[in-house]
Structure formats: structure tokens, C-alpha cells
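Q: So the chains spell out like this:
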Amino acid sequence: MSEHLLSLLLLVPFVGALVIAFMPRQWVTAIRNVSVGIMLFEFILSLSVLKGDYTGAAYQFVEHTPWVESLGISYKLGVDGISVWLVLLTTLLTPISLFVSWTTIDTKIKEYAIAFLMLEVGMLGAFLALDLFLFYVFWELMLVPMYLIVGVWGGRERVYAAVKFFLYTMVGSLLMLVAILYLVGQYKELTGNYTFDLIELTRVVLPFNAQLWLFGAFALAFAIKVPMFPFHTWLPDAHVQAPTGGSVILAAVLLKLGAYGFIRFAMPLFPLATQYAGPTIAAIGVVGIIYGAYCAWVQRDVKKLVAYSSVSHMGFIALGIFAMTSQGVSGAILQMLNHGVSTGALFILVGVIYERRHTRDLEAFGGIARVMPWYTILFIIVTMSSIGLPGTNGFVGEFMILCGAFLSNEGYVGLGHWARVMTMFAATGVIFAAVYMLHAVLKIFWGPIKHHVNEKLTDLTRREFIALAPLMVLIFWVGLYPATFLDKMEPSVNAFISDFNQRWDQTKNNTTELRLLTADGRGFESLGGDLPEGARAQADLARDGVNR
Amino acid sequence: MLDSFPADRALLLIVLFPLVGAIALGLASRLGANRSAVRFVAVGSVFASFVTALFCFAKLYVMKDGDLGGEAVISRQLWEWFHVTVPGFGQTSVDVRFSMDSLSGLMTLVVTGIGGLIHLYALSYMEEEDDAGYARFFTYLNLFTASMLILVLASNLVVMFVGWEGVGLCSYLLIGYKYQYTKYAKAGKKAFIANRVGDLGVIIGMFTLLAATGSFEFAEINAAAPGLKNMGFTFGGETPFFSFATIACGFLFLGCTGKSAQIPLYVWLPDAMAGPTPVSALIHAATMVTSGIYLCCRLSPVFLQSTTVMATIAIIGSVTALVAATIAVVQKEMKKILAYSTVSQLGFMFAAVGVGAFTAGFFHVFTHAFFKACLFLGAGSVMHAIGSHTDANIFKLGGLRHKLKTTHWTFLVSCLAIAGTPFFSGFFSKDEILLGAASVALPHLTEGQTTEGLLLQPWTGWFVLITLFVAATMTAFYMFRMYFLAFWGEEYRSAHGGDHHDQEHGHTHNDGHHDDHHDNGGYEPAEHAYAAKPHESPVLMTFPLQVLGVGAVIVGFLGLPHLLPGGIHLPNLWGEWMSASIASIGDSFPALHASEEHMSPIYVAMTFGLLAWAIGVGAAYQAYANATIDEDLAAKNMDHITAKLGAPVHTFLFDKWRVDEAYDFAILKPIRGLAQLSANIDQSFVDTLLTRFTAWGARGVGWVFTRLQTGVVHFYGFVFILGAAALSWWFLYPHPSLEVRSQEGARVTVEAGTGLGYEYQFDMDSDGQPEGEFGSANTQSFAYDADDHVGFVMNIGTLRGDPEQIPLFRSEQQIDTDLLGVSWQRELAEGEDESALNVPPVVWVTQESKLAIRPNGALVRGGQLGDDGYMTFAPGDVARIGRVPVQFHPVVRATVEVRNAFGHTRKYSEEFVLDGGSRATARLQLTGAPQEVAR
Amino acid sequence: MDVGIGEYLALASILFGIGAMGFLTRRNFLIQLMSIEVMLNSVNVMLVAFNRYQPSNHDGQVFAFFVIAIAAAEAAVGLAIVISLFRLQKSVETDLPSALKH
Amino acid sequence: MSTSNFVLFLVSGGLAIVGAIGTVASRKPLRAAVALLLHIIALAALYLTLHAELLAALQLLVYAGAIVVLFVFVIMLIGPAAEVPSNPRGKITRLLSLVVGGSVMATVSFALVGHTAPRLPMLRNEAGENIFGTVEGMGVAIYQQALVPFELVSAALLVAIIGAIAIARSRTPQEQAVVVERQAERIELAAARDAELAQATAKVGS
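If you're matching them up, the sequences are chains Y, E, H and P in order. Residues 1 to 548 in my numbering are what the first sequence lists, from first letter to last. Residues 1 to 935 in my numbering are what the second sequence lists, from first letter to last. Residues 1 to 102 in my numbering are what the third sequence lists, from first letter to last. Residues 1 to 206 in my numbering are what the fourth sequence lists, from first letter to last.
Isolated chain Y, as found in the complex (with noise of 0.2 Å):
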């Protein structure tokens, strides 16, 4: 079973949803259980993927089987030490966010619960492959039903916004395909055959300058993504208009896939282009904080405010990864994590009281604290955890990845002297972070109670702990001894920061010559190729003597 674990990982949620397809429409509670059941089952499999031996920085359970023999396309499934927290986030969220769903979705109960698990395929699919067309698959996969989400069972102007994220990704990632592509062409000049393997294809040495470009559209895939600074308004309109399941699973596991592209494909392939572009997008990323905390400061719609959050949040981590130390990437993974948990929380809570009231207006709250204890505690502990208390997830994850960019000039890549610039603004952000949280809990719980239809509020019901519990463990259990966590990361991210700095080395002054590494990565391919067909021949013969 452990060999094929991962594609049954990827099979089951399919399978579920063949199954639910095939359940008639009126037993409605039938699929809801059914639905979060195989999601709970696809979550327990999950968890025997940390079984794997994450010690080295090899790729665990990796399954490998030609698809498109042709054009070297293959199946190629693999796991390692930076991708499997972020499978778990995703096998872990979203029951939950599929369990939350079920107060409030009663339309289309069926189309929902299958959207949900093909969204389930496509996430883990994309976190999963190793090839790049079968990445660029789930990566597309993933839209479709992130789109019905948005677009069936969303508010009022659901189309407009989930149209808008539609065509956001898209453009971005139309524009990843191409460079796939033209990687495979210049894969296929060099050796003759093609393939669309990860690993095989890292050893291509792009010319400096096409490497600028295919980063270039690498990187614009993943910002739309992450998002980033100026691609980024599509977020809050998406997560305003999407219902409560579909905003905390797209804030969760959806944004992170950015940031995880970075690392996996956009800099392991083009390393003298992200050395020389790093640390413009940090830069960038540090305007997403304190932009993204400015728009949330003045947000009258709570979900408009935690969406310009994450955007804050998302900045972080992409200063995290272009610190390229070894904490600065593991406190960005560990962020993706954390970010995942505390805003899929706010999420949840936010969604608690849209349902009982129906609006999402800042103004109509106001000192519901007395009326709702349990809930305002749960609010107050999510709350710390998102603005980085110490003691709770937020804190770990902002501490490595702001000493990660403190530190980040010495090494061969990183911030360069602008690094320690970059971390002073960017740990205002904490700040900031601090004052728009604070300013909406005000809103919400303290002073008298305004809107005298606050005082029938109902706390918070069982559903809704049993959805919130989970992660308020997590937020504790990163925040106190993350070792758990990190353990497993360290040796992958070490890894991938010392094959990229030994590739950066190797490289660096071969700017201008298409060229291929050997298979270990330490030098060039010497190429035999070179010669017309006819006259390879006479030019061995030629070789021998120097002046006949």
C-alpha cells in the first residue's frame, strides 16, 4: 500500500465524488455525512505520509509512470519534507471547511459536496507532482471547481468575482505553460529527447537573459497566486462573495500553492534569475505587508479586512522564501501552515456571525462580547495567533522568517545589504497587524451593545467547536514546541538551499551559452552534438592531429 500511497491519496476524494454523483439529490443529510466522512478518511490516510523517512532530502514515496511517451510526459508523484505539511494542511482543512459549509449551503447540496473533493484532487495533485505538465493539470484542475464555488453558491456578485479569479489565475498560468514549453524545447535541443520531469529539467542552463524571462512568467503565475502586491485584487472581492467553506478553504490551502510554486519550480529551475530578482519581489512582498495592513485597516466589511490580512501574511512569507536562509524558507513553509490555520479560523468565526446576522458591516456589531463569551474568547485567542503572539503559531512563524531576512545578506543569495531595510519595514507590519485586528475586535466585542437585535445572539454550537477545535490545537502546539514541524522540514529546505546556491555557483558565469548539467548537478554535459550529421566523422578524424 505505502508505494501507491500517493495516488490513492489523489484517487480517493475522486472516487468519493463518483459516488456522491451517483447518490440520488434527496438524501440530502446522506451526502453531507457521506462527503465529510471520505474527506475524514482521505485526512487519516494522510497522515501515514509522514511515515515517510523525511530525514534525507530525497523525495518520499515517489511514483513514476510514463503518461505521454512521446513527449516525455510522465506521472510522477513524489512527497519531501516541504510539501508534506502542506499536503496535511489541505487533507485537515477541508473537512473542516466542508463541515462548516453545511449550516449554510441548502441549495445544490450534491454539485457542492463534489466540487469540494475534486477541489480536494486538484490541490493535492498540484502539491504532489513532480512533473510539469502534470502540475500545470492540477494547477488548472483546481480552478474549476474553486470557480463554481464562488460562482453557484456565492453573494450577490458571485460571478463578477469568481469570473475575476477565473481569469486572474488563468492569465498567469497561460503564461507559466508557455515557458514550461519552451524549457522542454530547449531541453529537447540539448539532449535530443523531451520530458517534462522536474528534476531533469533543472539541469538545463537557460542564457541569463531567457532565463529573466521564463522566471519572469513563473513568477507573475505564483504572485497572482500568493498574491502579490499589485495582483492581488481579486482576493478580496473572491473571498467577499464566497461562501463561508469556499472563503476559508480558498484563504487555507489555495494561496499557498503561490508560494509553494515559488519554491518547488520557479527557483529551482531559473537560480541566476531568481538571485537576480529575488530581491526585487522581497521588496514587493514587504509592500504587500503594509499595503495589505493599511487596506484591512480601513475595511468597513470584515471579510474584505481578513482577505487584505492574508495579503499582509502572504507578503511575509515571500519575504521568507527570497531570504534564502535556512530559517527565513522554514519560517515561510511554517507560515503557509500557520496562515492556513489562523485565517481559515477567522474565517470560520467571521462566517459564525454572518449567519446569525447576516451582514458583514463592522458597524452593525458592537459589544456582543457579553452575549457571546465562549465565542469572543475563541475570537480573542485567533486574533493573537494571526497578529504573531508569542507562545501561539503566528509568533514562530514571523520570528524565523524575519531573523531569516535579518541575516540574509551574508550568504550568496539572499536580500543583499538591502536586507536588513527590508526586515525594519517589514516588522512593522507586525505592528500594523496588531492595530487593524485590534480595531476590528473593538468594532465587534467591547463597548455597549449598539443594535439592540445583538442581544439575541446565540454563542457558538456544537458544529461550530467541533469545527474550530481542531485548530485552536494547532495554533498551541505550533506556537509551543514546533519541532514536530520543523523536524521534518529542515533537512528538504537545506537541501534546497544548498543545491541552489551549488547551482548558483556553477552557473554564474555561463550567462550567455545553453547548456546542461550532469546528472549530480556539479558539471557541465560535455555535448557531442555539435556537428552537422555527415561531418561528426571527418571531425574525429580532424581531431587527432593538431597541424597535419
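Mixed in with the good hints, there may be bad ones.
[Claimed, not checked] DEER-style ranges, computed between Cβ atoms: (1) P:136 / E:715: 42 to 52 Å; (2) E:781 / P:3: 53 to 63 Å; (3) H:87 / E:904: 45 to 55 Å; (4) E:716 / P:100: 17 to 27 Å; (5) P:100 / Y:512: 35 to 45 Å; (6) E:715 / P:95: 15 to 25 Å; (7) E:717 / P:119: 55 to 65 Å; (8) P:3 / E:905: 31 to 41 Å; (9) P:92 / E:905: 39 to 49 Å; (10) E:828 / Y:512: 21 to 31 Å.
The set of hints was computed from the structure by calculation and includes no laboratory data. Glycine included, each C-beta is placed from N, C-alpha and C at the ideal position.
Could you slot chains E, H and P onto chain Y? The hints should help.
A: Chains E, H and P alone, transformed into the frame defined by chain Y:
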């Protein structure tokens, strides 16, 4: 370090007791528990932690076995939190470690001791809260104690930061305890954010220290401290503009100002009085605000490395002292006066730190904890007596000494202590600070030694001395102004005011949630008159007062000045005990340390201290001993003395130098504006730019094509006919094309493209005479001979991809070197200079149509070097220029003429290379060349 | 004087031109249908003319035969459309019906 | 064979051209129909010069007899409205297109005049008579080589007849009502879609 077994276990217990207490009380407040259980757990946990702290302190004392200054640390590691790789230091692990040395030992005693007393006091003070609120209050109080203990007992900066922010969170919760009033909630938020701004400084300071010393552990940082002076961030230049010490301490000090309410970030403390009085006593007098000074003392070796930071601390400290004192003088409410007095006293402590007298500063922390806590609790008991829950306005009080006996004498004792009356604790600690300042002002210079080598210049010393003197006098003045107005005088000024509440036998202190008449919409609790007959508080409140009062008196004797005028040596227990963990300026700069032969600073300090006390108390006695308050002045928040300041100055001081308004205007408004701007930009500009423009663009292009659909049949017919005409034009003329089918040596077969009714006529050697007539066969083969060649071509095999092809002529022509890859030059022959190698090889075609190459700078192999310096190659031979293979082939041209059914004919000619079938890719402009080359 | 194939082709192309002009310029459905008939006839002439100069088989004429048949069908359907259109818009002007525009 | 042939060619060609111009240029459709009749009869004569006896007969029988009669019948059905008043709009363009069309026809026909092709021996049957163009020859060609297309054409004609009837038949009253009602529905739907489009553009525009 002696890791004795039970002590480190006990260390853990100190922290665990309040933590577990907090969690238990939290659940109790939610799930409902009877009040006595809550009481027991609340006080019990802190008391238990106090006992364990005593045990550990005693253990520490034993470990020092006699020598008070000896090194003794109890430490306990729990688990490795996470680890960090620091360039230059490798991987350092950040682990959850607690350690207690002399400094943190004493601090723990203060926190648990005084904290415990305050918990006791709060039991009865918060009596009338409902059960859930009662338990909730003590949850926060216990959580606060736990975080404070984590802060104090932490052995590295990160764990300390956990406590640091934990304390910030608890102060947010406690200040906003009565969350139903927006004003209190806002005050809580303000406190949290001000602390957060400070925490930014701590974070950056931590990272700098990590970058400099490679570790977060206090011990290691202090050990590496001397080296920090000359290392620094070199932004390009060699000598560090700022040394690591300066940067780290600067940022850390920013953190301390946030936490200990110094000039830039002190605005939150006065508003924090919104919290219940025990909160103000515990947090804003005894423990939290002192954590800033604790941090400075903890990292004293590092602070001693940077002159700039020490000077700034000294100046900011003394200025804060002065400014806060001036504000306190004009306040009319007890808690406000005490709040500003705290800020002022903290200014004193930071001034002490600034002039290097760390132990003196910390001693003042110790004594201040006692008398300030006593003052706050006294004020609380007064408020309890008069039934007010907001604050006690001293203009409305008076003559309380007869009714509140114990509160009166404890309040008096504490006032005497804070004013600095001799033999009271305040006198000794303040005297030490003044001594520190004086010894900097009057350095003990051996002859010839100038002052620039010293850490601090005398002018800093004088500045601190004078400002502190003025501040001390003012402290004495406003404390006794409050004392006389509140406790002395014959009649109780609001005796009549409160009677309409009498029927409820004076207990009007249920919080205002049902008398909403004028609490302006829940913004703040209602104002209502004081109880007519105030009475003494219950024993649970007076007992802590008595303990603290006694403490305020005797605790001073712990830190007697080690030298008295006239050369008398007194045992300075405090100095010795603290020397184990706090560096003193004297060790590194003996000139700045008073000693027998250098008595002048001691005289100056002593005189300043006594003078300040005398003037302050005397003036206050003179003005307020049995003063009467006239109503209209009181309405304007003035009494007869402060009125003399004149309205503008008075209101300026009363409104806290309008610092809050200045902050709002200078910082909050612009940032808020920027936030609003960025939100609007985000919505309009960024969104429109990316989405609207593309949408408009797409729709625009679409619109253009819809114009074609006019709906008129004519138009469609017309377009139809147009298409038909264009199609027919294609068939009117033939479209010939020519392909090389196969090539064996010189015999080549070509094939022409077929078409409807086409006929072909070939002229294989393009000499004008076609070989045959028009026929339907479209292929033709022909053997070319030497004179059919129309030109020559050279194939240069590049590193990858298909070879480059360049045309050859009779005349010499240079080869473009970047076609030849990277390494084409030959070795330097002797006697040649470097430039010769840069001359690219030259090629041309000789008369006998052979390829000739003159190597010049290139390494050419495979040909025969002729006498006149060039090599010749026959067509098809392979030469090598550098690493690149080169081949030379003749080019021929064939033409075909095609005729179609309409009789129109077209001619088409194609050039190809006789080398096995590749088409001539180079633009062979050979039309002009044949004559010159072929015959 | 002998009549070569050129003359017939010339005649056919003139007729075709006239028919095309009629179809493009006139705005009366009926006239347009008739001008289509003229065009078809010109095609028939050309077919028969070419067949005359390849008289070994009757391909040209058979084709012309089929063209006539199809012309009949086309005229019938065309006129049916004209009638139903006439019923709708009370006129046979071709420019009136333009509902199918963009 | 030459001169009588040439004369017949000239006469029938001329008449054909006159007929064509008549159908195209005449104002009244009836007059156009008559001109068309003339045109068809002239072509029948032309076919004779090209040895296409069966075709000439068919031309007269089918074309003249059926199709032109059909036209006349429809013109009679439509009555006075069949004549569309001349509309000044676009006068210039029509004149211009006439001139251009004319010049193109002239050049093409001049290019074609004068081409000669060798006269090849005509088709003979076993008995040796020249059956090219005769009923016998055509009969053999149609029913042997072109049998399948012949059947297909008959099917096509059947379809055309049914189609013509389906289109041109007069509607029963209730059908008329359905048509009117569906028309109204279509108009209303179009209006709703326009409103939503306008609102969307307004939203996008805001």
C-alpha cells in the same frame, strides 16, 4: 553553574503555579464556580509561587555561601523551541530555558510578593463584580503574574520576549476589563499598540545581538559584550557608522520606552488608569513598567559599550521625570497624579541607568514597587470608601484622616518615602541615583587625564543632576499637595453632596450598567456624587496596605549608601548582591566611581536630595495644610496655588502637554489618511488598471468585427462575389516551386510542385537554354560539372543546433569570430604581442575553386599550410578553426518554367549546396557573382 | 468565318456579368432571382461549349442538364421565401429585412 | 456548316444578351419575366449550334415552360407591390458598379474571343451514326454514367417542392396567434437581456 536538583524543579513551579491558576480560573469563569473556590485559587497560586520563589532565593543565597557577589545561577531547560543558522556562528538553538540569578531572583520575589498582596487586596476590592467577571478578572491577574515571571526568569531574549508580549496582552485585557465602556476598551487597545511599537525595537535589537554574538542567551551576549564596540553594520564603508552595541541598545531602549512608558511611548500609561485600581497597582506601579529597567540591567555589559545610547537614556530619563512631574502637579484626581508620578519615578530609574548606576536604578525599582503600590492601594481604598469607581477627585475630599485611620497612616508613610524623607526607603534609593549622576558630573580625574576617554561627559552628569533635583522637589510637592488636600483639613467637602444615595447605606458602587442616565451612550461610566460618610475599607484591603507601608519604611536600609560623609563605611547589602549579575560603571571607568579620596560627588548628591525634600514638603505644607477649595476654581480644575500658573500654562500642563493630540495629529492622522488612500487606490486604480482596461479592450476589438454583420443581403452578396474573384485570381497564374529530391555526389534530381493543368520546362544549369520542351513530367535529374558552380559556401558547425552557413567569394573575407564559439585563438607564438591573436581568420576561394584560409590569430587544423601563409582545402574536406569544424562546398542553381491551362508561364530558380542535400540557407546574392566566380 | 470556343466563352461571361450586375444592384427580390437564373444559364452555355470541343462524351451537357434541374428547385424555394417575406413586410424590397444584423 | 452556324450564333447570342439586359434593367417585374423568357428561348437556339438538341428541348420545356411560368405566377400573386419604387439612395455606387462590372466583362470577353480549339471527332454509336448531343447519346450518358446523380437530383427536387410548400403555405389563425405571441416573447426577452447588459456595463463602468 551548580545545577542543584530540587532548585531547578522549583524554578519551574514558580511559573507553573500562576499559569495553572489562570487556566483553572478561566474555566471557572466560563463554567461557573463558587466564589470562595475562585478566591482560594487566585491568591493560593501566587502565594505558592511566592513560597517557592523564597525557597529558590534561599537556595541561591546558600549557593553563594557567604560571598554575596558570587556567581550563582539556577537554570532549567525544558525543550528546544526552534533553531536558527547565523552566518559566522553556525546553527544556534533557541530553547525554552529558565534561569534565576541574583537579579531575577529578587525580581521574582517582588513580583510574587507584592503581586500576592495586591491579589489579596483585589479579592475584596472586586467584591461586587458578578461571579463570571470576578473569575475572569483573576484569570487575567494570574496570567499576568505568570507572563511577568516568564519575562523575569527567562534565560534568553526570545523567552523573555514571550513574557514581554504576554504581559502586554494581559495589560490589554485588564485595562479593558470593563469592556462595556468603549473608552476603557480603547485605552486597552492603545496600551497594546504602544507596547507593540516598542516590541518592534526589541525584535530588531534581538536580531542585531544575534548577528553580533551568534546567540540569544543573556550569559553569552554579556560575555561577548566587550567585542561589540568596534563591530558594526558597514553599509559599504569600512569603519562601522554605528557599532553593534549602539544599534542593539538603541532599539532595545525603544522597546523599554514602550514598556516602561518613557517620553516617546508613555502616552498609554495615564489612559491605563481605566483599569481597576489593583490592576494599576500591580501593573502600572510594581511590575510591568519596571521590565524595561530589568532588561537594561540584564544587558548592562552591552549598554556600557555605547556612549551615545547611555547619554540618550540619561537625557530621556531625566526629561521624562521632569515633564511627568510638571503634569502631576496640576492634576486633580488621585490615580492620575499617581500615574504621572510613576512615569516620573521611571524617568528617575532610567536616568540612573543612563549614568551607569544600574544597581541604584534597580534599587529604586525595588523601593518604588513598595511605596507606589501602597499609594495606589491607598487611593483604591479611598475610592472604595467614597463609593466611586472611576477616580477620587482630591478637591472633593478632605479630612479623611479621622475616618480612614489605617489608610491614612500608610498613605502618609508612602508619601514620606516617595518624597525622599531621610531614613525612608525613597531617600536612600534616590540618593544613590543622585550619587551616580554626581560622580559622572565630577569625574575623579588623575592629573593629565582628560574627559574624552570616559564613557559619559560631565555635562550629562550635571544635566541629569539638575533635572532630577527639580523633579524630586516637584515630586515631594505634588505628593504632599494630594495628601494634605485629601486627608487634612477639617470638613469632608462632599459630606452634603452624596446624601441622596444614603438610603442605600452608601453602597453605590455597583457598576453602571443599569444607571445609564448620563454615561453618554456607554462611552464611560456615569459620574455621580461621592458617599456622604466614607468608612474604612475591610481588613482584606487594609492588611496589604499595612505590610506595604512597613515595607516602604524598612526596605530602604537594604541599600544603605556604602560611604557617608566623614568616611563611615556602611554595609551595602544591595550593591554586593546585585554585583553578581549587573555590571557597574566603576569597574571599567574608575574615574566615574566615588571613593574615599574622592568624596565630592557624595556631598553634592546628599545636599541635593535633602534640599529637594525640604523645599517640596515645606511648600506643600505651607500651601495646602488646611487650605479651603473655592468652588469656581475647582470647576476649572485648579486650586489656589496652581491657579497662579495662569490659565494657558495650567491647561497646557493639565492636558498632558497635549502630547496625545500631537501624536494624533503628527502620526495617527497621516497614517490613517495613507491607509484610506491606499484602500481607495486599491479599489479604483489597481483594480481598474488590471481588470477594467482589459475588459474594455476585449469588448472594443469585438465591436469592430460586429460591424461586418450589416444584415443587408446585398452586402453579403457583394462580399461573396469579392471572395470568388480573389479565388479566381489565384488560379489565373501558375505557382511553381522546386525541391531537391535526392543527391549523389554531383548528380542531383529535382522535383517541381504540381498544379492543375501545369506543364514544366527545366533549365538545370540556369544558363538560359532549357534542356527540354514543356512536358507534364515534373522531375528532372542532372549531373553538374565544375563550370556549373555559381558560388561557394562554408558550413561552420556551432556548439549546438544546425551549422551556420556563410557565402564565400574570390575576395578575402573575415569570419565573424562569435560564430567560432569561445576558444578559437591559437597559443601566442614567441615574439608576438597579444593583439596579433585578436585578428580573425580570413577565407576566400582560389582560382582552382579551392577554399583558402589565412589563420592570423586562429588555430586552424586539417589543411596543408602553404608557403605564402594560407591553407587550402578541397570541397567537402573538414577543417577545424579552434574547436569548431568547418566545411567548404560548391553551390549550383536550377530553374524551372511552368505553364498553366491559361497559357500563363512563371519561372522559378533555386540554389542548393552540393554537399548531400541541404538547401542553401545563406542569402547567396550570387546573381551578381557568377561571372566573377564560375568561368 | 467559323465560330471558335472563344466566342461562346465570351458570350457566356458577358451574360454572367449581366446577371451578377443585376443581382448586386437591383433591390427587388424577384429581379434578383431572375438575374440568378441568367447567371445559371450563362454557366450552362459555357458547359455546353466546352463539351462541344470534347465531344467524346456528354459530361458537359449532362452537367448542364443537372444545373437546369437544380435551378428549378432553387427558383421554387426562392419564390416561396419571397412570398412568406412578402406576407410579413408587405413588400419585396431586399433592404427591409435586416433583423439578423449584429 | 460555317456561315449558317455563325449567323444563328450571332442572332441567338444577341437576343440572349438583349433578354438578359431586359430582365436585369426593367422596372416592372412582369416585363423582366418576359425578357427572361426571350433570353431562355435564344439560348435554346444557341444550344442547337452546339449540337445539344436534347438540352435545347429541355431548355424550352423545363426552363421556359416551368420556371418562367412560376415567376409569372408569383408576380401575379404579389400584384402591384411587386414593383419596388426606385430609390435614389446609392445611385452613384450602383452606376459605379455597373461601369466597373461592364469593363471587367469587356476585358474578359475580349481576352477569350479568338481562341480556337481543334475540332475532335464526335461520339458515334456502334451503328456509326453521330449521336453526340442527340437524345440517344444523352440518354445513354444520363442513365448509365450519371445514374446516381440523376436519382439524387430527383430527391433534391422532391425536397425543394416540400420546402417551398412548407415555407409559403398560409398560416392557420391559431398558428398566426402563436407566431405573434412568440414574436412578442422574443422581443421582451431581447429587452431584458439589453437591460441586464446595460446594468452590467454600468457596474463595470462605475
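Q: So, for every hint listed, does it hold in this structure?
A: Going through the hints against the structure:
1. P:136 / E:715: 42 to 52 Å: holds, 48 Å
2. E:781 / P:3: 53 to 63 Å: Holds, at about 54 Å.
3. H:87 / E:904: 45 to 55 Å: The hinted range 45 to 55 Å holds for residue 87 of chain H and residue 904 of chain E, with Cβ atoms some 52 Å apart.
4. E:716 / P:100: 17 to 27 Å: Holds - the Cβ-Cβ distance for residue 716 of chain E and residue 100 of chain P, about 19 Å, lies within 17 to 27 Å.
5. P:100 / Y:512: 35 to 45 Å: violated, 59 Å
6. E:715 / P:95: 15 to 25 Å: holds, 18 Å
7. E:717 / P:119: 55 to 65 Å: 39 Å Cβ-Cβ, so the 55 to 65 Å window is violated.
8. P:3 / E:905: 31 to 41 Å: Between residue 3 of chain P and residue 905 of chain E, where Cβ atoms are some 37 Å apart, the hint holds.
9. P:92 / E:905: 39 to 49 Å: holds, 41 Å
10. E:828 / Y:512: 21 to 31 Å: Given a distance of about 25 Å, which is inside 21 to 31 Å, the answer is holds.
Hints 5, 7 from the earlier list are contradicted by this structure; the remaining hints agree with it.
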